[in-house]
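Colleague: Sequence:
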Amino acid sequence: MQTFLTMILSVLLAARMVEAHAAFWHPSMWGFNVSANTFSYDNRPVVPLKYMNFSTWWFHGHLDYPPNDGDFFELPAGKSATAEIACTKGATSFEATVDSGGDVRHADNVNDVCPGKPMIEYHTTGIDNVKGCALSIAYKSDVSNVTQDDFTVFSVNQTCVWTRFTEFEVPERMPACPEGGCICAWHWIHSIEGGGEENYMNGFRCNVTGATSDVPLAEPVAPRRCGADVDNNKASSVLGNCTYGAKTPIWWLNNQSDFFEAVTAPPFYNDLYNFVDGAQDDIFADSYVERPDPAPTAQLPVLRYAVNALSGILSVASDVGDQASSFLSSVFAPPATTAQTASATAAVLTTPAAETASLHTSAAATQAAAGTAAAPASSHTIVAASSSHAAAQSSSQAATASSSHAAASQPASSAAAQSPSAASVQTPVTSSAAAVSTTTAAGARVQAVSSSAPAMPEMSPPAAPANGTTADVHQAAAVDAPASSASASSQCRRRMRRRRARSDALLHGQTTTV
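Counted the way mature numbering (1 follows the signal peptide of the UniProt record, and there is no 0) counts, the sequence shown spans residues -22 to -1, 1 to 492.
One thing to keep in mind: the hints can contain errors.
Only pairs whose alpha carbons sit at most 30 Å apart, straight line, appear in this in silico DSSO-like list of lysine-lysine [stated by the list, open to error]:
hint: 1; residue 1: Lys118; residue 2: Lys28
hint: 2; residue 1: Lys28; residue 2: Lys212
hint: 3; residue 1: Lys95; residue 2: Lys28
The set of hints was computed from the structure by calculation and includes no laboratory data.
With the sequences and hints as input, model every part of the structure.
Modeller: Shown next, in the form of structure tokens:
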């Protein structure tokens, strides 16, 4: 009697468990219309896969029940794809296609995976007990040519199975599928607290939309256990033992599987096997600079985009450093030395005579246009725009003397062109608003501006000599003046002495050569 009751309870428990479970539902899947009566055994998409031969568990044994032509599950690159996961098709948006039972969706909870049943029916005791599920892809359109090694996991939801509508993030760099689309699969292994261990797989046709990259996926390799595992007394992760980059799905608990974990320590689609939550963005051929083989003491791989990002950061930091250095140099630059000031002054004072004449001509034209009267108390100061303010101040006296000399040493023809009278030639051109620019032979910009700096002592215009005119005097001065001097200050003093000597000679009616 006890044996009979045990058998009855076992049958009831088995019936209860078969009624539950969960599957991916979409018209693009193989076995979408398979019912409990299609096979000689219950092979509905929700039935778990364990201890089966390859042909029985591969694509859930539904390869002879393909989707209709044109039915694809779309994977938008860089966005999320919404899948429906439920314990029966009647609990999904496709309830109208069920052969029996009809619409069982929960009116007050559209996300109920198993309407009217406790959560243990989809093998969990709560949100903290779910272990995640995954989507994988094979870039082939002919399902008969697809093998286990062709599938690469590209998206993981670590809180699956928990809601009917489940989001799967698609990597932004997913390349386009070949003509005819790709082959995808949904995978799930639940917590041991949710019942006996099982594996789940549903295959479907898929197509990547909005692809912008043509970089292919890397060749996938099997994931390895490397995360913290408190349930098995391993509190810390062993990161070197992780598989990085493209990984195959977890083929486990069936014949021709490549995972041999015991049912007491099953593998999961979460951090335990280095499946991050969301898009698997490191699955491409160029994702890593190098990817060492996993081992407890192996070095970690180097992400290429991390190297590129670091290079960009260092480049920006270098540019900022150069700019900061230039700024600090300009702020804390030492003041111009006496030698630098004298050098800048000499460069100004050795302006070619032709440019000086042109400078005065422009100044005279500016004055004439402005209608400003000549004032003997002011003079021109020529300063290099590239010299510092301190250098300009320290050379103002020398520059003032130079401008007075330049006005006096013009050729007579140039002086006549500037003014119709000899008296106006001798008077320095002034204008409080005028500013005239020229360029030296070395390329430095030079500007003539009105200056209020103390001028040289003013001399009265010399009287016209008995045997010549004032213009003759200035012409002679222009001829006798040296073209250049090693020392600008000495040159100015010599010329001023000559002018004073000539003036005295003319006033006394003499023709002395100095």
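Colleague: Please go over all the hints and tell whether each is borne out by the structure.
Modeller: Comparing the hints with the structure gives:
Restraint check for Lys118 and Lys28: satisfied, since their Cα atoms lie roughly 26 Å apart, inside the 30 Å limit. The straight-line distance between the Cα atoms of Lys28 and Lys212 is roughly 27 Å, inside the 30 Å bound, and the hint therefore holds. A C-alpha spacing of about 24 Å is found between Lys95 and Lys28, which places the hinted pair at or below 30 Å, so the restraint holds.
Violated hints are absent here; each numbered hint is respected by the structure.
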